[in-house]
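There are 2 protein chains.
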Amino acid sequence: MLDNLEALKKSFDETGYQLSGHGPRNVKVLKQAFQEIDEDTKSDIYGSGAAIGDFEDKMANFLGKEKAVFFPSGTMAQQIALRIWCDEKGSAKVAYHPLSHLEIHEEDGLKKLHGIETVLLTERDNVIQPEDVKAMDKDVSCVLLELPQREIGGQLPRFETLQAISDYCRANDIRLHLDGARILETLPFYQKSIEEICELFDSVYMSMYKGIGGIAGAVLAGGEEFIRQSKVWKKRHGGDLISLYPYIFTADYYFEMRKGKMEEYYESAKELAARYNSCTGISTLPEVPVSNMFHVHINKPTDEAAQVLAAVQQESGIGLTGYVREVDQNKCYYEVSMGDFYTTAPQEKIELAFQLLDKKMRTLPFSN
Amino acid sequence: MLDNLEALKKSFDETGYQLSGHGPRNVKVLKQAFQEIDEDTKSDIYGSGAAIGDFEDKMANFLGKEKAVFFPSGTMAQQIALRIWCDEKGSAKVAYHPLSHLEIHEEDGLKKLHGIETVLLTERDNVIQPEDVKAMDKDVSCVLLELPQREIGGQLPRFETLQAISDYCRANDIRLHLDGARILETLPFYQKSIEEICELFDSVYMSMYKGIGGIAGAVLAGGEEFIRQSKVWKKRHGGDLISLYPYIFTADYYFEMRKGKMEEYYESAKELAARYNSCTGISTLPEVPVSNMFHVHINKPTDEAAQVLAAVQQESGIGLTGYVREVDQNKCYYEVSMGDFYTTAPQEKIELAFQLLDKKMRTLPFSN
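Keeping their order, the protein sequence lines are chains D and X.
Start counting the first sequence at 106; every next residue gets the next number (our numbering).
Start counting the second sequence at 106; every next residue gets the next number (our numbering).
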């Protein structure tokens, strides 16, 4: 018999409509992007050739940086960025948020491969403020800011906060790196251009498969010498593949398709978060989203929440989530990232799903 | 005006038939492999799912090892294998051939990322012998053998030599790793099964885009605990991509297409090498190939050789090479790897090409 979490996953997979994401991660994502690409189009070869160079130039220009390099993963790109800034200053120390991807999702690659010490700025539930940066030792080579701060629901500091941190770092010989996995998704909130954001940073990483929805891959952008060194480290990491075009052409295809849709995702995030916040025992973090993402916090133990959500999904045909993660014995949460899928679901079905959710949150736990 | 090397490249690209390789590295390689794959086929997700697991199981079974893991690159796979064996023994020292890929093509990733010291066994022009291994310090954690030894034309030690090295390493607490980028290509010479070769090694790397002709990617195989650790290091390196299926499905497709063709490639390598050796001032290394590959050495300066080869290619329509690399002021060479392309070229055109090559080697340099 399935346990409650497995049943939740199953009920999600069986829904006809899902409110987050762009759709299933399947082979269609590849095939659709390659449909119009000529068979004779040449592969990139170990980082050379138009297949990679043209896209790198395009992204450098888009981000307002001198140069860019395509990486198979953001994990690789960011470790390398920090390593370069550490070598430049001669101090193997960087600072970032305690819930940074590098700190919690990369098996300590930064420490184990690069011997870099990390300083954790601020508390887990906060975004980094200028005071946090000013309080740290000045032998830190680089501060990494993640915008939005994914693990706390995609929260953002104000733009003036970013400016203040950038100003301080520039005045104190500290490099500033942007973990911009989801940076495009923040533009509607900031009401700034991508160049205005990136200008505050010495180096910028952007993911090609979050809001953009490509298959995998990342872009790292910065000055010419920084990118030259990045390519050397890319080879060292084993990321200078003979052919990266399966990721590059798809990245380009979905970048063109979705770069202009971030406002739509942002608006739908606010709309959907409001629906969640209208339900008993449920709140979103942040309450009003500042990008396309937010976390849904449920005041029930994981097992009970899974039962509630599975029941809602089965009865409504609307997919809310495939998992919940425990916060403590009485609370759990899951992440929502808005994409193309939201607008495919009929409004009356969404309405029904949230009526059911509110009702079941009030009337359950079940007796089983 | 094009210089001679550029003209050589251009003349090669313009030929109707090319004697080495499987064909151009273009988007068709991807499209062909995906043609029969259903759009609904699910992606792998960070190393999980049937898309990656099924192929890893298949390759572990094929290589006769407990487990296998798919990597985006051999560079990453091999550094990680050596790191694991170094950690196991507590000695950051490995030994390999002076022309190992790790020593000359990876920007010293092994040293810079893993802090591993390298011992170079034997001279550049030799293959590693048991005496070389016995002469090294016993604090070496792992010996890496590359079969065939690519940078010296794909030479191979005898199978008994491999057995003797393996026996010595096992008796002396030294791990033996196989750089088997082109290991399938050696089976017709050894007249052994792939399991008989791999059984001599603690860990095995095989490329999916050399003789197999996939887009990119590699398989690392070994014991269960070794592979468990490999996956942790894969994440640290930034190689645990959310989706590797564009490489995996193509690897599987071309593996099935070509795993049985290594005998054909071996025979055509011997045939083609004999043609080269019949030409004035040209010899192959090895004289009689022992895999699908060999090097063509030309007793002329790089510039003159490029002129000769370009002229042959223009007049015959047969592509021999797109480059030559200097050995010294009077000699140069290039590499040949046989694949599906050889049999597409008409024999009389090949005959003509080698008549022209012999003639021009005797009568040129040009007067320009």
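Bear in mind the hints are in silico, worked out from the structure with no lab data behind them.
Heads up, a few of these hints could be off.
[Claimed, not checked] Straight-line Cα separation of at most 27 angstroms, DSSO-like style, residue types lysine-lysine; simulated pairs:
1) K366(X) to K340(D)
2) K336(D) to K115(D)
3) K340(D) to K216(D)
4) K366(X) to K198(D)
5) K133(X) to K340(X)
6) K217(D) to K340(X)
7) K340(X) to K133(D)
8) K136(D) to K216(X)
9) K366(X) to K336(D)
10) K216(D) to K115(D)
11) K147(D) to K136(X)
12) K194(D) to K217(X)
13) K136(D) to K136(X)
14) K340(D) to K366(D)
15) K114(D) to K216(X)
[Unchecked claim] Computed far set for chain D versus chain X, every beta-carbon distance over 12 angstroms:
16) D145
17) Y151
18) E211
19) P235
20) E265
21) A323
22) D345
Note that CB positions come from ideal geometry on N, CA and C, so glycine has one too.
Right, here's what the structure says about each hint:
1. K366(X) to K340(D): With Cα atoms ~31 angstroms apart, K366(X) and K340(D) exceed 27 angstroms; violated.
2. K336(D) to K115(D): violated (42 angstroms)
3. K340(D) to K216(D): holds (19 angstroms)
4. K366(X) to K198(D): Given that 27 angstroms is the threshold and the Cα spacing comes to 52 angstroms, the pair is violated.
5. K133(X) to K340(X): Violated, because 30 angstroms separates the two Cα atoms, which is more than 27 angstroms.
6. K217(D) to K340(X): Holds. K217(D) to K340(X) sits at ~11 angstroms (cutoff 27 angstroms).
7. K340(X) to K133(D): holds (26 angstroms)
8. K136(D) to K216(X): Not satisfied, since the Cα-Cα distance of roughly 40 angstroms exceeds 27 angstroms.
9. K366(X) to K336(D): Violated. K366(X) to K336(D) sits at ~36 angstroms, over the 27 angstroms cutoff.
10. K216(D) to K115(D): violated (38 angstroms)
11. K147(D) to K136(X): holds (13 angstroms)
12. K194(D) to K217(X): holds (17 angstroms)
13. K136(D) to K136(X): holds (8 angstroms)
14. K340(D) to K366(D): Not satisfied, since the Cα-Cα distance of roughly 34 angstroms exceeds 27 angstroms.
15. K114(D) to K216(X): Given pair K114(D), K216(X) is violated - Cα atoms ~44 angstroms apart, limit 27 angstroms.
16. D145: For D145(D), whose nearest Cβ neighbour in chain X is about 6 angstroms away, the distance does not exceed 12 angstroms, so it is violated.
17. Y151: Nearest chain X Cβ is 10 angstroms from Y151(D), so the label is violated.
18. E211: At roughly 6 angstroms from the nearest Cβ of chain X, E211(D) sits no farther out than 12 angstroms, so the non-interface label is violated.
19. P235: For P235(D), whose nearest Cβ neighbour in chain X is about 30 angstroms away, the distance exceeds 12 angstroms, so it holds.
20. E265: Non-interface label on E265(D) holds, nearest chain X Cβ at 33 angstroms vs cutoff 12 angstroms.
21. A323: Contrary to the label, A323(D) does not stay out of reach of chain X, its closest Cβ about 9 angstroms off (not over 12 angstroms).
22. D345: Incorrect as stated: the minimum Cβ-Cβ distance to chain X is 7 angstroms, not above 12 angstroms.
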